[in-house]
Amino acid sequence: MAKIEILGVPHAYELTVPTSHPSTLVFIHGWLNSRSYWQPLISRLSVDFQCLSYDLRGFGESQCQSSDQPHNSHEHSPYSTGAYSQDLIALLELLSISRVWLIGHSWGGTIALRTALQWPNVVQGVICINAGGGIYLKEAFERFRATGQKFLQIRPRWLYQLPLIDLFFTRTDVARPLDRHWARQRIMDFIIADPQSAIGTLMSYTTEEEVNSLPQLVSQIKQPVYFLTGADDKVIEPKYVRHLASFHWLFQYVGDNVIEIPNCGHLAMLEQPDVVSKHIISIITG
Numbered sequence: 001m002a003k004i005e006i007l008g009v010p011h012a013y014e015l016t017v018p019t020s021h022p023s024t025l026v027f028i029h030g031w032l033n034s035r036s037y038w039q040p041l042i043s044r045l046s047v048d049f050q051c052l053s054y055d056l057r058g059f060g061e062s063q064c065q066s067s068d069q070p071h072n073s074h075e076h077s078p079y080s081t082g083a084y085s086q087d088l089i090a091l092l093e094l095l096s097i098s099r100v101w102l103i104g105h106s107w108g109g110t111i112a113l114r115t116a117l118q119w120p121n122v123v124q125g126v127i128c129i130n131a132g133g134g135i136y137l138k139e140a141f142e143r144f145r146a147t148g149q150k151f152l153q154i155r156p157r158w159l160y161q162l163p164l165i166d167l168f169f170t171r172t173d174v175a176r177p178l179d180r181h182w183a184r185q186r187i188m189d190f191i192i193a194d195p196q197s198a199i200g201t202l203m204s205y206t207t208e209e210e211v212n213s214l215p216q217l218v219s220q221i222k223q224p225v226y227f228l229t230g231a232d233d234k235v236i237e238p239k240y241v242r243h244l245a246s247f248h249w250l251f252q253y254v255g256d257n258v259i260e261i262p263n264c265g266h267l268a269m270l271e272q273p274d275v276v277s278k279h280i281i282s283i284i285t286g
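For the sequence shown, the UniProt record's numbering gives the first residue as 1, with consecutive numbering after it.
If you are wondering where the hints come from, they were derived from the structure by calculation, not from laboratory data. Hints are not guaranteed to be accurate.
[Stated by the list, open to error] Derived lysine-lysine pairs resembling DSSO-like cross-links, with alpha carbons at most 27 angstroms apart:
1) K150 to K234
2) K278 to K239
3) K222 to K239
4) K150 to K138
5) K234 to K278
6) K239 to K138
All values reported here derive from a predicted model rather than from experimental measurement.
All chains should be modelled from the sequences, with the hints used to inform the complete structure.
Written as structure tokens, this is what we have:
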């Protein structure tokens with residue numbers, strides 16, 4: 001793990017060695033997660049591709065003080081997907097990476113899409129994993145925001161030591177139980193996330209304006225965009241993934257850019273790493 005400063009905030013990242021393939025795969029994690037969840041995929045893909053994973057500002061090991069104001073230059077909220085897209089562009093420029101495929105999970109998928117639109121000469125394509133939407137359901141989103149805020153207010157450090165708490169996290173949001181190692185990682189990422197970043201991003205990416213802007217965003221992207229969805233994903237159901245994917249030119253009326261993975265929930269990269277890695281290779285080399 002290395003660290004690099006982006007707009008005043010130290011960011012943790014990992015970069016594998018270059019390969020003969022011209023594009024670097026850049027992995028963007030979801031809300032309250034970290035770069036750790038990409039390791040099963042990177043271990044399978046790094047033989048053929050250079051891989052970059054990093055902790056988004058305020059999450060994982062990219063911690064910032066809530067009192068910091070690192071993003072005065074941002075046109076909008078420092079916790080918007082646009083602001084995090086700017087962070088990613090700055091990271092790639094600092095690392096002199098000029099040709100990429102972006103792979104984003106859930107909220108990270110939205111960041112990938114916005115970056116692809118802003119930086120078409122660098123971003124060759126996007127693969128969204130467990131990411132979709134574009135339909136604002138007022139009551140559902142208000143309930144999600146309220147629940148999220150309550151959970152974020154109750155995050156004692158001793159939660160990690162609570163007996164058997166990891167068993168709960170082995171089954172939450174997944175179709176098949178995770179190894180307890182990943183459950184403990186989920187607990188740790190939940191506990192250490194910067195409070196202001198966690199709440200700020202939650203409130204930013206679930207607004208009516210943000211959600212309703214996604215279809216137009218996808219329709220404007222000229223590069224290839226593919227969506228991998230878990231057949232049993234209850235967080236972002238396949239029907240919402242297909243809805244968003246349908247606005248991209250690759251959809252072709254029948255969903256040519258959507259791949260549904262059986263026996264898979266909201267953490268496809270952990271639940272089905274072999275299947276996901278094979279699809280990534282097929283998409284990028286095909």
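Status of the hints after comparison with the structure:
no.	hint	in the structure
1	K150 to K234	holds (20 angstroms)
2	K278 to K239	holds (23 angstroms)
3	K222 to K239	holds (23 angstroms)
4	K150 to K138	holds (18 angstroms)
5	K234 to K278	holds (24 angstroms)
6	K239 to K138	holds (18 angstroms)
Of the numbered hints stated above, none is contradicted by the structure.
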